[in-house]
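So the sequence lines, in the order shown, correspond to chains L, F, A and Y.
Count the first sequence with UniProt numbering and you get residues 1 to 389, in order.
Count the second sequence with UniProt numbering and you get residues 1 to 389, in order.
Count the third sequence with UniProt numbering and you get residues 1 to 389, in order.
Count the fourth sequence with UniProt numbering and you get residues 1 to 389, in order.
Treat the hints as calculated values from the structure; they're not laboratory data.
These figures come from a predicted structure and were not determined experimentally.
Note that beta-carbon positions come from the ideal geometry of N, C-alpha and C, so glycine has one too.
Check the hints yourself; a few may be wrong.
[To be verified] Partial list, computed: chain F residues near chain A (C-beta under 8 angstroms): (1) 12; (2) 13; (3) 54; (4) 58; (5) 272; (6) 316; (7) 319; (8) 327; (9) 328; (10) 333; (11) 334; (12) 335; (13) 337.
[To be verified] Below, computed lysine to aspartate or glutamate pairings styled on EDC-like, alpha-carbon distance capped at 20 angstroms: (14) A:220 with L:282; (15) F:220 with Y:282; (16) L:181 with L:282; (17) Y:220 with Y:241.
[Claimed, not checked] Beta-carbon label-pair distances, calculated as ranges: (18) L:351 with F:289: 46 to 54 angstroms; (19) L:239 with Y:150: 32 to 40 angstroms; (20) Y:257 with F:59: 47 to 55 angstroms; (21) Y:318 with A:385: 49 to 57 angstroms; (22) L:352 with Y:44: 30 to 38 angstroms; (23) F:45 with A:1: 14 to 22 angstroms; (24) L:220 with Y:318: 24 to 32 angstroms; (25) Y:83 with A:328: 51 to 59 angstroms; (26) Y:240 with F:306: 30 to 38 angstroms; (27) Y:155 with A:328: 21 to 29 angstroms; (28) A:357 with F:289: 53 to 61 angstroms; (29) L:328 with Y:385: 34 to 42 angstroms; (30) A:329 with F:243: 22 to 30 angstroms; (31) L:110 with Y:318: 54 to 62 angstroms.
Here is how the chains run, residue by residue.
Protein chains: 4
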Amino acid sequence: MTALRVAMIGYGFMGAAHSVGWRQAPRVFDLPADVEMTVVVGRNADAVAEAAAHWGWAESATDWREVIARDDIDIVDIVTPGDSHAEIAIAALEAGKHVLCEKPLANTVEEAERMLQAAARAAEHGSKAMVGFTYRRVPAVTLLRDLIAEGVVGTVQQVRAAYRQDWLVDPEAPLAWRLQKEHAGSGALGDIGAHIIDMTQFVTGQSVDAVSGTVETIVKRRPLLGSGSGLSGTAAEGYGDVTVDDAAIFTGRLSGGALVSFEATRFATGRKNSLTIEVSGDRGALAFDLEDLNSLQFYDRTADAERQGFTKILVTEAQHPYISAWWPAGHMLGYEHGFVHQVVDLVQAIHDGADPHPTFAEGLSVQRVLAAVEESAANDSAWTRIAAP
Amino acid sequence: MTALRVAMIGYGFMGAAHSVGWRQAPRVFDLPADVEMTVVVGRNADAVAEAAAHWGWAESATDWREVIARDDIDIVDIVTPGDSHAEIAIAALEAGKHVLCEKPLANTVEEAERMLQAAARAAEHGSKAMVGFTYRRVPAVTLLRDLIAEGVVGTVQQVRAAYRQDWLVDPEAPLAWRLQKEHAGSGALGDIGAHIIDMTQFVTGQSVDAVSGTVETIVKRRPLLGSGSGLSGTAAEGYGDVTVDDAAIFTGRLSGGALVSFEATRFATGRKNSLTIEVSGDRGALAFDLEDLNSLQFYDRTADAERQGFTKILVTEAQHPYISAWWPAGHMLGYEHGFVHQVVDLVQAIHDGADPHPTFAEGLSVQRVLAAVEESAANDSAWTRIAAP
Amino acid sequence: MTALRVAMIGYGFMGAAHSVGWRQAPRVFDLPADVEMTVVVGRNADAVAEAAAHWGWAESATDWREVIARDDIDIVDIVTPGDSHAEIAIAALEAGKHVLCEKPLANTVEEAERMLQAAARAAEHGSKAMVGFTYRRVPAVTLLRDLIAEGVVGTVQQVRAAYRQDWLVDPEAPLAWRLQKEHAGSGALGDIGAHIIDMTQFVTGQSVDAVSGTVETIVKRRPLLGSGSGLSGTAAEGYGDVTVDDAAIFTGRLSGGALVSFEATRFATGRKNSLTIEVSGDRGALAFDLEDLNSLQFYDRTADAERQGFTKILVTEAQHPYISAWWPAGHMLGYEHGFVHQVVDLVQAIHDGADPHPTFAEGLSVQRVLAAVEESAANDSAWTRIAAP
Amino acid sequence: MTALRVAMIGYGFMGAAHSVGWRQAPRVFDLPADVEMTVVVGRNADAVAEAAAHWGWAESATDWREVIARDDIDIVDIVTPGDSHAEIAIAALEAGKHVLCEKPLANTVEEAERMLQAAARAAEHGSKAMVGFTYRRVPAVTLLRDLIAEGVVGTVQQVRAAYRQDWLVDPEAPLAWRLQKEHAGSGALGDIGAHIIDMTQFVTGQSVDAVSGTVETIVKRRPLLGSGSGLSGTAAEGYGDVTVDDAAIFTGRLSGGALVSFEATRFATGRKNSLTIEVSGDRGALAFDLEDLNSLQFYDRTADAERQGFTKILVTEAQHPYISAWWPAGHMLGYEHGFVHQVVDLVQAIHDGADPHPTFAEGLSVQRVLAAVEESAANDSAWTRIAAP
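Between the sequences and the hints, there should be enough to build the whole structure, so can you do that?
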């Protein structure tokens, strides 16, 4: 069996999650190819060496360009902050590698467009490109998509999608890189709003064609972090401006005509990682909550009227997506399982010569929706069309 | 339209609830006969007069025997403590009245047997007798029974029934009449255990034929109440013995063979009025929780495997039991609605000449199970058969 | 004890609910005045006579002007469709009556303004005016308001309020009066959107000062009802246009600066009467769901970090609003209890000479927000300020 | 850093779960020693070689005695069926290895006693022995134990513990080894009842001192499996007797006096892997449900009365047990994480020279309770004392 050799660029929180994916996928699923965790890359040599040792990568390196140039690398997995995605991904694709790029695809539409072009050129030579919206691969979300495709909700008439966290409620939480536009691109909108845009498009099979929205910075100044680190450190003197949004509330219009209400916020006190989506149609409804990620709620309007109600499907049966490789019925999965499934599907697609999803085109379409929300917000919430791809 | 004239004997908490039933039933439902709240009876003339005025009874009285002898009374509704049920009910039945008697039917099997005999004799002259297990008439419970009768759970294989409260967790809660065997007969067992025994028999259509159980007095001594009142008052000096159980845990065998686990307790910290029942069969399961009384959980093993799960049926649709007389879909009912439905069904049965349920025979059967639990508990939890009726 | 004599104008679904309020309030609570259900008024003499008999009103009548002119009427309770509220309420106030007017206060801002002026003039002579946003008086909602006033959520930073039903999902549901702009004024927005606007303003103690929104008619043509009834009847030939919205999605800005996301819809498949509100602040959060109306969720950010979480308060304890007059802890209330509490508070206010809430000014402010939503929706969702009162 | 070299004996479902534990622990946590997955042992050479390759064990072998004799093995991890635990564990301990033995410790009390003796002798030479009740290491369960130890529930007054599955509801489910007494020892009682006995003793810090119970085989005959495999295969002709229990219902008495209701069943239709425990005390209560394993319910009787209720603590904060090594707040863990934590704690204990829990003494105590339940069940549910250790 051939082996796919992986280089991971970046080693923050996402590096830990991706490492679990690379490590577990071949040990839990029957993959058509071996996976080798060849090298992890970071700017700080000591820190990245420690990460490599801890997470089980064979080597570490500090120059991603050199790594990309190596012949013994098949897949480049990018988990750096969004402002470096375009440069790395394009170089890797041009070097003939398969690329897995964490979401959001980029910080700007322009970058994402160049990435898509690079992916299209590379595809001609067999390189695959995939964006890391891993929540698609929570089994309940995949099942949600499958059930809509089977027609159980009928015509989609309304969608509600929200991603709520509360880690910024504390006004003394420091001015981290995620709160600075130059690094993060945007705030709650780009970070977690991107997830609910992608999930909406994924499960409905429709595109968000127009939006009207508002973005808000609730706490406008925060304590500075000390110099020497964009990520952490001791508080420097004084306060600085928060230059990204804390919350974004917007309404979207799907290609099929349905309205979608979106909310992305870091100020939902008590909500830790609450991504919820509900799709209402003329035959039924489906609802999902990431804080209860092993289940899916299904309402069937075609059932006996006396017995209608939301059915809580425990998505842990062997016939459910991805489950047969894991545990018996009723045994829970968690957050990182989506990262395992992402590796499974990428490896399978590479082996089959198929295109893995989410594609860069899908990643770009999320980017365009994000840009349209910002444009609308800057334009008194005027309805703003998403440019055709 | 003829009027049914009602005398209510007793005016405690249950008197308030029954008064709602008599007041609301003819105003919400289309009854085949009018209802007149003629007289309420209690020992304390002032207090009962105040209750009559407050609750809308036309008169008050202090001598129940005189009231029962009146020609202008059709129905005697007994809401006194259990130790007086037998005497009043038998006298009322012998006087040709219809009788509605609060649960438990009596404090002893012997009393209940005499009541049943009186009811049988009175039935020959058209008098109806009914026991007040009103939880049967929570719409979700009625639906639960109907669905089992339709076969949706198949063969019943296990039942779990629990009634949990926590009002005795405080060790300084006083020694009220409900904690004294001479007045209350038993504690959690007779008070709330009676409900889950009746509900189990009602929804399954089977009898509890044998039991093995344990009863427990967790706080054995409590502050005495002052003299002058068995119900409330200032604490007298010192402490007295609690002579009833605080909790009863027992296992029952249904006539169809299934095992039932029962728990009745006043020490389930944080559980205020939590009556739960779950019936498992080879085709499905049904579950109910009184703290979420407008819904019923249904699991259908015959459904598409991929979509199985517990369906939360909101029992507020027009086609559900009792609902069409109330509010539109999704509008909640509460505790007292069962008392309204009880009046509706009693009046209908009287009008139709039919036998309302729960019958005194059903009340007696609960009594026998309670006695068997106590016998088992006194006999090292030995399995104890319930004497055939 | 003096008696307050009530005339109720209208006898549809709301008439049934208000009748329960008038009937139960004096029988459950200790009111400072008696209540007499004197007369119910409707256009169809037979039908209103039947309603009077059924619901327990002493008389019926067909001319509301005559009834308002009677000396033996103290309170006029208006439960007609919104297009007649202004005329009746103003006349009743000018006749020196106290007025309880169902929500929405009127179909237009202009009507509501005239009603407020009438109420202000009448107040000089002691007449009280109240709007029927009864959900304020669900005990959990009252407690929610009280807890915010106590400061448990701190500074309000975000609010989410939604009212979701699904009775229009069926595309063959007929073109009832509620779907016709000339009768209903608006659709989901005015009918159920009004509730969440009022509740938001009530619980936060702040006003909605600006909105940006979208309204949508999802099913644009529906089967005509037969002639002879604006409310029901047999389908006439053909289809007619739905002239009100099916769903409204809008964002509001509170006077304190926080953003509110609102959704009102009749197309939320499987959601029967789901009014939800969540208030997030820098010290905590509170959340309520009308389909679980006996409880309130409270998150306390100031608690021990290890033990933080949403606490489900069962709002059935004696110390909770309105509860001590009802049942013991853990016994559920339902939909109509809010109507009872409304009567309790109105009677108390009349007795005390105090102003009952919601005032007509509050009703008008809801009307202005509704109008601003429609204006924004017609103006490409532009942010639209609510005119100062 | 020294390495601990592991041999795993057995490779069924539990082998997969333990492999995840060994693989993930050193990659997620900072362990004081390396872990090497040296060899996996099974009777079928080809199958075990495939398991080794798939799960990442360096070697495979077929003779566990030879493996135990190897010098390069530090830890023997036993995941075979219960009837072989004693022989392998005792041999491994006598060979100076540390032993991790899956639950139940053994199939009989006698075996478990010999295992404890072997562990005691081996402890003198530094060998550690641990039983695999991994549910102790679900973070919410560890937190539950910690909170009880801190006194938040006060004096424990009642406990309810249930483990409910439904995989035997189908009467045509075949007669697998788990349904045969000679292999499995017992049925639901030993398999899943063992978990709730251990968890009860673990979280309360008390022992179950006496029991009264009933065991039941609901479906008494099942289709035979074909020869050639005790685990799976084609159905042979005819049916065979089920020789273990399908359900066990029993009541226990804790050393502190509280009653515990236990239920273990494989016939709870719709319940897939539902382990629930609720501990009620005079100061509060705690409740856990394995189907919602990232949360813990806490009721604080000492809180402000108006705000009491069950708080759903999301046990995903950095200050909660085991969490800081995993993901940010609100990111869910699943079933296998307990196996990772088990390795973490075992490795730490070996490094520290401390005794890891659950000890073999604790495993034996569970075995004694199981035996007492069977004895009670055979003796008309008579209360049966658990022999002192």
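The hints, checked one at a time:
1. Interface restraint check for residue 12 (chain F): the shortest CB-CB distance to chain A comes to about 11 angstroms, outside 8 angstroms, so the restraint is violated.
2. Of the supplied interface hints, the one on residue 13 (chain F) holds, with its beta-carbon coming within about 7 angstroms of a beta-carbon of chain A, less than 8 angstroms.
3. Using the Cβ-Cβ criterion of 8 angstroms, the hint placing residue 54 (chain F) at the interface with chain A is satisfied: the shortest such distance is roughly 7 angstroms.
4. This hint is violated: residue 58 (chain F) has a C-beta 13 angstroms from the nearest C-beta of chain A, more than the 8 angstroms allowed.
5. A cut of 8 angstroms between beta carbons decides the hint on residue 272 (chain F): the least distance to chain A is about 3 angstroms, and the hint holds.
6. The beta carbon of residue 316 (chain F) comes within 6 angstroms of a beta carbon in chain A, closer than 8 angstroms, and the hint placing it at the interface holds.
7. A cut of 8 angstroms between beta carbons decides the hint on residue 319 (chain F): the least distance to chain A is about 13 angstroms, and the hint is violated.
8. A hinted interface residue such as residue 327 (chain F) counts as satisfied when its beta carbon comes closer than 8 angstroms to some beta carbon of chain A; here the least separation is about 5 angstroms, so the hint holds.
9. The interface hint given for residue 328 (chain F) holds, since its Cβ lies 7 angstroms from the closest Cβ of chain A, which is under the 8 angstroms cut-off.
10. At about 4 angstroms, the closest approach between the beta carbon of residue 333 (chain F) and any beta carbon in chain A falls short of 8 angstroms, and the interface hint on this residue holds.
11. Among the interface hints, the one on residue 334 (chain F) holds; its C-beta lies about 4 angstroms from the nearest C-beta in chain A, closer than the 8 angstroms criterion.
12. The criterion of a C-beta within 8 angstroms of any C-beta in chain A is met by residue 335 (chain F), whose closest approach is roughly 4 angstroms, and the hint holds.
13. Checking residue 337 (chain F) against chain A: minimum C-beta separation of about 7 angstroms stays under 8 angstroms; hint holds.
14. Taken as a hint, the residue 220 (chain A) and residue 282 (chain L) pair is honoured in the structure, with Cα atoms around 14 angstroms apart against an allowance of 20 angstroms.
15. For the given pair, residue 220 (chain F) sits about 14 angstroms from residue 282 (chain Y) by alpha-carbon distance, which is consistent with the 20 angstroms threshold.
16. Annotation: proposed proximity of residue 181 (chain L) to residue 282 (chain L) is violated, straight-line Cα distance about 41 angstroms (limit 20 angstroms).
17. Taking the CA atoms of residue 220 (chain Y) and residue 241 (chain Y), the gap is near 6 angstroms; set against the 20 angstroms cutoff, the hint holds.
18. Checked against the given bound of 46 to 54 angstroms, the beta carbons of residue 351 (chain L) and residue 289 (chain F), roughly 50 angstroms apart, stay inside it.
19. For the pair residue 239 (chain L) and residue 150 (chain Y), the supplied restraint of 32 to 40 angstroms holds, since their beta-carbon distance comes to about 38 angstroms.
20. At roughly 52 angstroms, the beta-carbon separation of residue 257 (chain Y) and residue 59 (chain F) lies within the given 47 to 55 angstroms, and the hint holds.
21. Range check, residue 318 (chain Y) to residue 385 (chain A): about 44 angstroms between beta-carbon atoms, so the 49 to 57 angstroms window is missed.
22. A hinted range of 30 to 38 angstroms for the beta carbons of residue 352 (chain L) and residue 44 (chain Y) is consistent with their spacing of about 32 angstroms.
23. Distance hint check: the CB atoms of residue 45 (chain F) and residue 1 (chain A) are about 21 angstroms apart, consistent with the given range 14 to 22 angstroms.
24. Look at residue 220 (chain L) against residue 318 (chain Y): about 27 angstroms separates their beta carbons, and that is inside 24 to 32 angstroms.
25. Checking the proposed 51 to 59 angstroms range against residue 83 (chain Y) and residue 328 (chain A) shows it holds: the Cβ atoms sit about 54 angstroms from each other.
26. A beta carbon spacing of about 31 angstroms between residue 240 (chain Y) and residue 306 (chain F) agrees with the range 30 to 38 angstroms that was offered as a hint.
27. At about 25 angstroms, the CB distance of residue 155 (chain Y) to residue 328 (chain A) agrees with the hint of 21 to 29 angstroms.
28. A beta carbon spacing of about 35 angstroms between residue 357 (chain A) and residue 289 (chain F) contradicts the range 53 to 61 angstroms that was offered as a hint.
29. A hinted range of 34 to 42 angstroms holds for the C-beta pair residue 328 (chain L) and residue 385 (chain Y), which are about 35 angstroms apart.
30. The hint said 22 to 30 angstroms for the Cβ distance between residue 329 (chain A) and residue 243 (chain F), and at roughly 24 angstroms that hint holds.
31. Between residue 110 (chain L) and residue 318 (chain Y) the beta carbons are some 38 angstroms apart, a value that contradicts the proposed interval 54 to 62 angstroms.
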